[in-house]
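Residue numbers (this note's numbering), protein chains in the order written: chain A, 1 to 233; chain B, 1 to 496.
If you are wondering where the hints come from, they were derived from the structure by calculation, not from laboratory data. Keep in mind that a hint or two might mislead.
Cβ-to-Cβ under 10 Å is the rule here; a few derived chain B residues that face chain A [claimed, not checked]: (1) H56; (2) Y59; (3) V79; (4) E98; (5) R181; (6) G472.
Note that the Cβ used here is the ideal one computed from N, Cα and C, for glycine as well.
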Amino acid sequence: MAEWLALARGPLFRLSFAVMVLGLGRHLVVTVWGLVRAYRLSDDKNVSWRRAARQTFDWLVPVRHLRQRWFYSLMSVIFHICVIVVPVFLLAHIRLLEKSIGIEWWALPMMAADVLTLTTVAALLVLISGRVGSGAARGISRLQDYLIPALIMVPFLSGFLAAHPTLNPFPYNPTLLVHILGADLCILMVPFTKLTHMVLLPLSQLPSELAWRFPPDYPERVARQIGTEGRAI
Amino acid sequence: MAAEPVLKTDEKIQEPQIRESSDPVSKRRYSYYLEPYDETDRPRKFLDVMAAMLRHGTYGHWLELYSKISTKCSRCAEVCPIYDTTGDPHDVPCYRTELILKIYRRYFTVSGMLRARLGHAWELTDRHIDEMAESIYHCTACRRCTIECPLGIDHALMTHLMRHILTEIGVVPKALVVAVREQLEGATHNTSAIPVAAMADTSEFLEEELTEQLEYDKIKVPIDVEGAEYVFFPAVSDFLLEADTLMGNAAVFHATGCSWTIGTGNFDGINYGLFVNDRYLRRIIQQLVAEVHRLGGTKIMIGECGHASRSAKDFVPVFGGPDPPEVVNCMEWTHRMLTEGRLQLNPDIITDVVTYHDPCNIARRGWIVDRPREILRSFCRNFVEMAPRGRHNYCCGGGGGTVSIDEMREYRTGIGGKKKADQIRATGARYVVAPCANCKKQLREIVEDHELENVDVVGLHDLILRAIEIPGAKPAADRAAAAKTATDWKGAVENG
């Protein structure tokens, strides 16, 4: 078991993390390149950067958008905060990091970590049931839309149980292994699923500013390629 | 909160629902008529056009981004007036966008192509194209979902792309393509096929009518005045249907000393290219700009028309060549003149309840929202707002060109216009001000089909015409009294 734990915590974690960083890096580069290219190809340089910035900020801190379906929206915001704060500021994780690379930072008090962990799980349950319960959401959902929240729940639940042996009906080491492997899998999946929005969100309001500024002669070039140029309408 | 859906549908998405026509003569396949076209091999043609679009345009970047980040949160469903009314999962904006993302992922990404090599690949079929063709004209392109998407997915852009591709393979509502054909290749160069002589006659008639109403003969509708600062492009249908709007425009321009003209080379602001195809959009924009250059004008003034304003404002800088002329909407001018004190409006003329409908194309991105309200508040005693309003308004239900597709009227007013009908009813307004030719047509049909009583749909400048005070002309109060006598007489005659 110890070897398994070491494998999950060491090489597998490092591999997943590297895949995530490289994958997200690639997505960022590709997206920025697309935005820059669209800007350069257009004749219309009068882009409202302010409006784009405001829209972006509005959605990064979506307090103004909580009215619509308020409970679901609020739980979604709470989930997003917790899913970043809990793993990054958990004392056990910081200790681990300090031991391996010698960096450490402020940690959440144990009690707060417990509350936030359970909140995350509760919020995930709300998000999943919101998806199942709404006809519109069900109609557009893919498999990953159900699996990803379920997968994210694994490390949170197992982490909580591992931290509270008295509440844990399972033995400690297997619980910890499930925790670490679950987290590795989550991290690994990031660049291949909708989780990419964690880095692309700040850029995602820009396309609707830039996209309508078409390259000036592109419609004619399309027509030339498909052989409809000069043809009567 | 979502209203109770009018149409109940199966909970699961199964077969695409192409609404069958009950019209035995036409046997139409979609909600709208098509012109005959070569129907063979549509999927291959679709992919050919799409490949060319991705190669020469910038759509590929957005498809790539959107297919990565779409979280399918269904927030767009919450704000879509169509989905809210039908409750049909096919009408969820994100579902519609997925129709094109699916094709992109399958045919234009490495993973899609690899998956196809390994078997089990989804293939683009005629059925998928049918579903798309129907779906994209259920959408009124109001862009409410776009500003409400947390991930910034521009569903309207995706609809725009699908419409463009389908137009290139022949799937485009006949009503829209016929209008574009007349505008670009016809003898009259405008969507209503009004010959120059008829336009000149109408302008003369407008002048005479103004002279009669105001007992003042100095208001002109200038034609082909070289070097005028503003070249005026109303929705050309205004010459046929909205005399009061045009007279209001002319009166304001006269009272404020605006240097303006209508050009005989091109006098139509309508741009249905915006709704079907960027190639048409570009050529129509180039026609506008060419007319301004021909007349030696410096600016484009668009009349009361939402999509004409947006297409000029957004696409003159894109397709208008070097040093494109500035684009102004007539309401911006009127507002500026009012705030500068150069326009006098009598506040005692319009006493009925007035409400304002925001045309999506000028309000959604926050371009013209407060100015018409400030104008109305300045002279209408009983101005009331609809809720929601401004950037978050509901579409009239005739957006995206659907208003010109007469065979879709039942859908347009029954489903697309239901929210608007409820909103208008809630205000109790006598006048619904809609500064847009398309919104006006649609709202009048809504008033008729939803049996809204004692509601008049008017332009902003229609009301301004009634209240404007021009030194030397008959005062607005006297004009109102005369109009009332005329109406009373008419009523007395009708009632025997």
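Status of the hints after comparison with the structure:
1. H56: holds, 4 Å
2. Y59: At about 8 Å, which falls below the 10 Å cut-off, the nearest Cβ of chain A leaves the hint on Y59/B intact, so it holds.
3. V79: holds, 7 Å
4. E98: With a closest approach of 7 Å, the E98/B hint holds.
5. R181: At about 4 Å, which falls below the 10 Å cut-off, the nearest Cβ of chain A leaves the hint on R181/B intact, so it holds.
6. G472: violated, 42 Å
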